[in-house]
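Asks: Quick note, the sequences are listed as chains B, X and G, same order.
The numbering used here puts the first residue of the first sequence at 1, with every later residue one more than the last.
The numbering used here puts the first residue of the second sequence at 331, with every later residue one more than the last.
The numbering used here puts the first residue of the third sequence at 636, with every later residue one more than the last.
These aren't lab readings, by the way, just hints derived from the structure by calculation.
One or more hints might be untrue.
Claimed, not checked - Derived lysine to aspartate or glutamate pairs resembling EDC-like cross-links, with alpha carbons at most 20 Å apart:
#1 G:Lys642 - G:Asp934
#2 B:Lys250 - B:Glu285
#3 X:Lys594 - X:Glu580
#4 B:Lys200 - B:Glu261
#5 B:Lys200 - B:Asp210
#6 B:Lys66 - B:Asp80
#7 B:Lys66 - G:Asp832
#8 B:Lys66 - G:Asp837
#9 X:Lys399 - X:Asp389
#10 X:Lys594 - G:Glu898
#11 G:Lys642 - X:Asp389
#12 B:Lys200 - B:Glu139
Claimed, not checked - In silico negatives: residues of chain G with every beta carbon more than 10 Å from chain B:
#13 Arg686
#14 Ile695
#15 Ile746
#16 Trp804
#17 Leu848
Don't be surprised by glycine CBs; every beta carbon is placed ideally from N, CA and C.
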Amino acid sequence: MTAAVETSVLSVRDLRVDVAVPMGTLHAVRGIDLELARGETLCLVGESGCGKSLTALALMDLLPSKATRRASRLDFVGEDLTRASRRRMADLRGAGVAMIFQEPMTSLNPVLTIGAQLAAPYIRHGKGNRAAARDRALELLERVGVPGAATRLNQYPHELSGGLRQRVMIAMTLMCQPALIIADEPTTALDVTIQAQLLKLLADLRRDFDLALLLITHDLGLVARFADRVAVMYAGEIVEQAATADLFTKPAHPYTQALLECLPTGDADGTLGTIPGVVPSLLSEPSGCAFRDRCRHAVDGCGRAAIPLTDVANGDGVAHLNRCLLDLSP
Amino acid sequence: MADRVIPTVKVDAGLNDIAGPTPLQLFAHRSLRNPGLLLGTGFLLAIAAISFLGPLVFDLDPYGQNLLKRLKPPFWMAGSDPAHLLGTDHLGRDYLSRLVHGARISLSIGFLVAAVSGAIGVTLGIVAGYFRGSIDAAVMFFVTARLATPIILVALAVVAVVGSSLQTVILVLGLLLWDRYALVTRSVTLQLREQEFVIAARAAGFSQARVLLFTVLPNIANPIIVVATLEMAQAILLEAALSFLGLGVEAPLPSWGLMVSEGKEYLLFDPWVIAIPGIALLLLVLSINLVGDGLRDVTAPEGRT
Amino acid sequence: MIAFLGKRLLVAVGVTLVITFLTFLLLFVSGDPATALAGAASRAEDVEKIRALYGLDRPILVQYADWLGNALRGDLGQSLFFQLPVVDLLAGRLPVTLTVGALAMGLALAISVPLGIVAAVWRGGVIDRLALVLAVVGQAMPTFWFGLILIVVFGMMVPILPISGADDWRGYVLPVIVLGYYATPAIMRLVRSGMIDALQSDYIRTARANGLLGPTILLNHALRNAIVPLVSLTAVQFGFLLSGSIVVESVFALNGLGRLGWESIIRSDLPTVQAIILVLSGIFILLTTCADILTAWIDPRARVH
């Protein structure tokens, strides 16, 4: 993947997010590495509370005031964002990197028209005047499959269904042709049939606009299948990362394996798996593997020291990173 | 293709082994961390204690006139009389005694008006919210009519007709201040009637009255108590205003509003005559409002400030 | 929209009828206008003559219908005290009350909106705390007492403003301050809580994710949402303010509607009292109806209902 170096959109090393809570400091994200190139989709999967949304907000510099971000490297299209000013970050948001949120019902401003909201980032980032913004909005609404786009521009969010609103949100992120789109649970709040349509749309747009797409979800089933690569997060760190097909056929980490067992397979006798136990508290950093209390393979060594991500691929190109002491490959 | 989401696992940031506090503990904990509530409650209790116990302990005579000792200033000013700590009014009556008795009047009016208007407003609100439809429309119509009524003018007119007395003022204000009770009760009832335990009670075949009294009412107590404090404060201020305008309680009752009214002829040379009852009024209403705001924060912390 | 307006209009007319009928009823039982007209020393047969002359011996519903019919033609009767058409009397007094009310409302908005925004943006900061103190004290302050205190200050200590009457603009300053402060706390609290809600909302997060800058987010995106409920509160407060003008006008001896109402009550000038209640509730209904329309205009969601 030598080409990836030249087209690298996002390169993150050791991203950490600490959240101040009444009982102390929550180490919510504990050293995440990400690489994302143009035209590539990376899916970040994990259950609620694993730190995936905070990771997204940290990349956007939109963390709540009680959360702080650290990273040894945070490069966006060759620019070092660890040194970027707040103003520079605001200039990048919406223009270089845009974000789609989970709640289409509340993420649009109820008192502004769709057209005004679509135009806002375009005008803010100096892409053109109001008329140009309107043309661009119209073009993109048609592109994302909003029927009757011209009339929609003058409508308010409450006049649109959830699926349509999310299409509007997608169009909004495209207004300034960003290099990276972060989609945080973009389809969770929607019907299953609409989920598939929207994921298909995102995949098409990624291709047409040559975007890098960071897809964040708790849905290892449908959503993750739309990605080139999948990274599985648990308790604030990535425990396994591989090409999508690889991850589904050869899951290496016991947590990933357990997650896949939780998916219905369609077998007649298939009992649905569950994972016993609870996620550890992140008020103090867990020593060793964070999953070991819930892991049926755990041995004494699991709790002794931090376990690094190691490549378990058999040399066929894309790395398959795994954070486990044991070789549990099926 | 039946894709399943990952089973969600409860994350409880280190609280797993701590048993949850009971509602009462939670109430106590939140109350103790609410300085406004503590201050208001303390002050309100102090006023209540002084006004109801004071006359039992000390010899306080709010009515005895002494025309030889008119407008004696309070203790911090030159020429004060040690027998009259807060001085005397234009008829030589002891100001401290009048102030203490005035607190009783204000507190009684506050409580009774809040009770009368509460009975009216809660009944209307609960019926409107529970039955909805045309009953709701009718109640809302009356709320609109009540809000459009210029309250001081109408109260003055009624008192003028019936004659000024404590009972009249309480009744008139009670009949006028039910709107907020009705609105709050209605909106809470509207939310409540859709909740499972109310639906369950209805499905179990209990009578409407029983469901309203024993299932709905106990669950709307908190917001009603908060409204009650606000209406208490409102009633005390209105009584003072009516008495100030000469159509509230009848003289020589030591209503604080009446004391300000009687003192206003002397305000340019003896401003303390109006300052003392005014400050008392301000502090009493302030502490009631602090209690109300505090209770709302404590019982509904997610609510608006 | 037409249906919405029609319904609002229907309610407005209904409310006006209910209020005027109730006040008519109240004043009807309040005593004998014929005796008042004839004078206390008049003979019984003279009183009867007057009763017949003014139609006071007819059933109350007939008299009310009569009054209503005249009112619709712009005739609110004769003032028993001034022997003038009530309409002329009101026309002379209403501008004073409206001027004070409008200026006070303007003052209240000018203070409370910026203060509420700042308090919400820097929540828990120094200005937020100061605003809270201002609001809490303002809600507990008896308006008549605050007026008297200003009279003491500006009549004695720094005599730069007239303390009674309104011969020129300076006469309006103190009444406007008193009434403006009365209306400030509720508006300030609503702006603050509305802004806090808006600033925590998902759509503000969207705006920030689009790189929009602080002032744009605050004014175009957050405030637009926060002022939606402000419109109707302002209308309601303005109505309360006009009905509260009775106190302030009597404290500062302003010849407005409120003072006229108070004097008319004392003089048993029933047609005048009746007309003032009609005018004040009419203004309130007009204001709230306008507010509903304005709300529908700025909040697209309200247009559906």
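Asks: Would you pick out the hints that fail for this structure and give their numbers low to high?
Replies: Going through the list in order, the structure violates hints 2, 4, 6, 11 and 17 and respects the others.
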